[in-house]
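Asker: Based on the hints, put chain W in the right spot on chain L.
There are 2 protein chains.
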Amino acid sequence: MTTETHTRAAPYVHGYSDAEAQRLGDQADTLAELLHAGTAYPAGSRVLEAGCGVGAQTVHLLAGSPGVLLTATDLSAESLDQARARVAAQAPAARVSWHHGDLHRLPFPDGAFDHVFLCFVLEHLPDPAAGLAALRRVLRPGGTITVIEGDHGSAFFHPESAAARRTVDHLVRLQAAAGGDALIGRRLYPLLTAAGFAEVAVRPRTVYADGGRPALVEGFTLRTFVAMVEAVRAEVLAAGLATAEAFDRGIAELRRAAEPGGTFHYTFFKAVAVKP
Amino acid sequence: MTTETHTRAAPYVHGYSDAEAQRLGDQADTLAELLHAGTAYPAGSRVLEAGCGVGAQTVHLLAGSPGVLLTATDLSAESLDQARARVAAQAPAARVSWHHGDLHRLPFPDGAFDHVFLCFVLEHLPDPAAGLAALRRVLRPGGTITVIEGDHGSAFFHPESAAARRTVDHLVRLQAAAGGDALIGRRLYPLLTAAGFAEVAVRPRTVYADGGRPALVEGFTLRTFVAMVEAVRAEVLAAGLATAEAFDRGIAELRRAAEPGGTFHYTFFKAVAVKP
Chain L
20 MTTETHTRAA
30 PYVHGYSDAE
40 AQRLGDQADT
50 LAELLHAGTA
60 YPAGSRVLEA
70 GCGVGAQTVH
80 LLAGSPGVLL
90 TATDLSAESL
100 DQARARVAAQ
110 APAARVSWHH
120 GDLHRLPFPD
130 GAFDHVFLCF
140 VLEHLPDPAA
150 GLAALRRVLR
160 PGGTITVIEG
170 DHGSAFFHPE
180 SAAARRTVDH
190 LVRLQAAAGG
200 DALIGRRLYP
210 LLTAAGFAEV
220 AVRPRTVYAD
230 GGRPALVEGF
240 TLRTFVAMVE
250 AVRAEVLAAG
260 LATAEAFDRG
270 IAELRRAAEP
280 GGTFHYTFFK
290 AVAVKP
Chain W
20 MTTETHTRAA
30 PYVHGYSDAE
40 AQRLGDQADT
50 LAELLHAGTA
60 YPAGSRVLEA
70 GCGVGAQTVH
80 LLAGSPGVLL
90 TATDLSAESL
100 DQARARVAAQ
110 APAARVSWHH
120 GDLHRLPFPD
130 GAFDHVFLCF
140 VLEHLPDPAA
150 GLAALRRVLR
160 PGGTITVIEG
170 DHGSAFFHPE
180 SAAARRTVDH
190 LVRLQAAAGG
200 DALIGRRLYP
210 LLTAAGFAEV
220 AVRPRTVYAD
230 GGRPALVEGF
240 TLRTFVAMVE
250 AVRAEVLAAG
260 LATAEAFDRG
270 IAELRRAAEP
280 GGTFHYTFFK
290 AVAVKP
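Residue numbers (this note's numbering), protein chains in the order written: chain L, 20 to 295; chain W, 20 to 295.
Calculated directly from the structure, the hints in this document are not laboratory data.
We put the beta carbon where it would ideally sit given N, CA and C, even for glycine.
You can take every hint at face value.
Listed below are several chain W residues computed to face chain L (Cβ distance under 10 Å; list not exhaustive): (1) Ser173; (2) Gly204; (3) Arg206; (4) Leu207; (5) Tyr208; (6) Pro209; (7) Glu218; (8) Val219; (9) Ala220; (10) Arg222; (11) Pro223; (12) Arg224; (13) Gly231; (14) Pro279; (15) Thr282; (16) Phe283.
Looking at chain L on its own, in the form it has when it is part of the complex (with noise of 0.2 Å):
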């Protein structure tokens, strides 16, 4: 997930550690080629990617898009070095201006980007419309938007077991507390339609790992979702949820799904929609 907090929101859920930005990293090396697949802006195009975060998708994007000026935003200044520091490094003949602000009043006019993409985002806001609206605003008519959002409620995963979906649900709850919503794959067409996108193309993109595929087992099943799940322990804890054993045994639980034998399956959701 991207960095995006604004005043109406609660902290970024899964916090700004250096463990986090390494976790945001490998889930987005992981899935960079399910995530960004049919993502490829004409060379010369004003893009913006609004909620960059620490870069994680930006060097994927800007693979993608080699010749595009990009605008990247955040509201966390300390993300947006990290980003601007990921891109030097990755992409260091990359054309990108860093915006340090809030995407739901950015300072740039009227349709001022022929395409607008956003990743891990809408899901920490607290009203999606919102910043959808804002977006929309500085796209060009005929530009087009591109949302990707995970869904919680996609994951399941053998052996079943209760305890370890309380414990997804758990960081799910959290979410909502902070005024998010984890479980915002689903909700993309009737966000954008509601937004007054037109042509609103919706796609899943589904992550299945089992034994006969171990890079996916170890770089999504365990690096990628239960360490995201496993990182919100201590707010977990302070906020009564669960004691500390229950959730334990949840994680282990959830880490049987990567043993031999176990199966994991998530799925994302791309939408891609034009400013009529």
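Answerer: Relative to chain L, chain W alone:
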């Protein structure tokens, strides 16, 4: 789902009514491309379809592999008659041998087939590993087995609804009580691996329906999934799993996924493996 029952199984959970045969046809036609893509056997191959039921998948199998020598088996003579009629109408040139019997005790010699295909069958077997072992016997070394199954735990929808979710869970429980497993999709990899198959490759095949895909909303959300859940109403009430009022409220809320602004997600799993 196809109609496969045997001495150790309770009656087929979906029943044998005309409405059910119609539903199976609707389901198969809507999903033909999604489920059958990638399955094309060379002309002259000896192919076994185990548990062909009313032939809903058989006609699509034959469309993708028109020159095969197909043997189709089912435990229900009545279903087999319907399958024969369906194939005669839709694939009159196909060469099909019909066999009435139990897939666990097929009267064919070891290695009699080049390929085995089964769709929505394992979910109804009390011991799917035993079923796979029996099918492995009649497959020649180097031959492939293709298994397609759903997983009701993959169903999620917008608007979210606890009542709708409970109603889906009743079907899962009913199928478990009948000796089956409506969550079997996620188990295909470990089941095939444990049964001694090699090169086991499982791929998710995801159905996602929103307002931009009205044919899928009608053909899948309503006429396949909701119809399937609705069809077990009498059994759910007889088993005391829900009151009529609660069941009907769940169905009504599930139907909202097919209304404007609603979305629906379901994942099938398709596995291909080789007999060493």
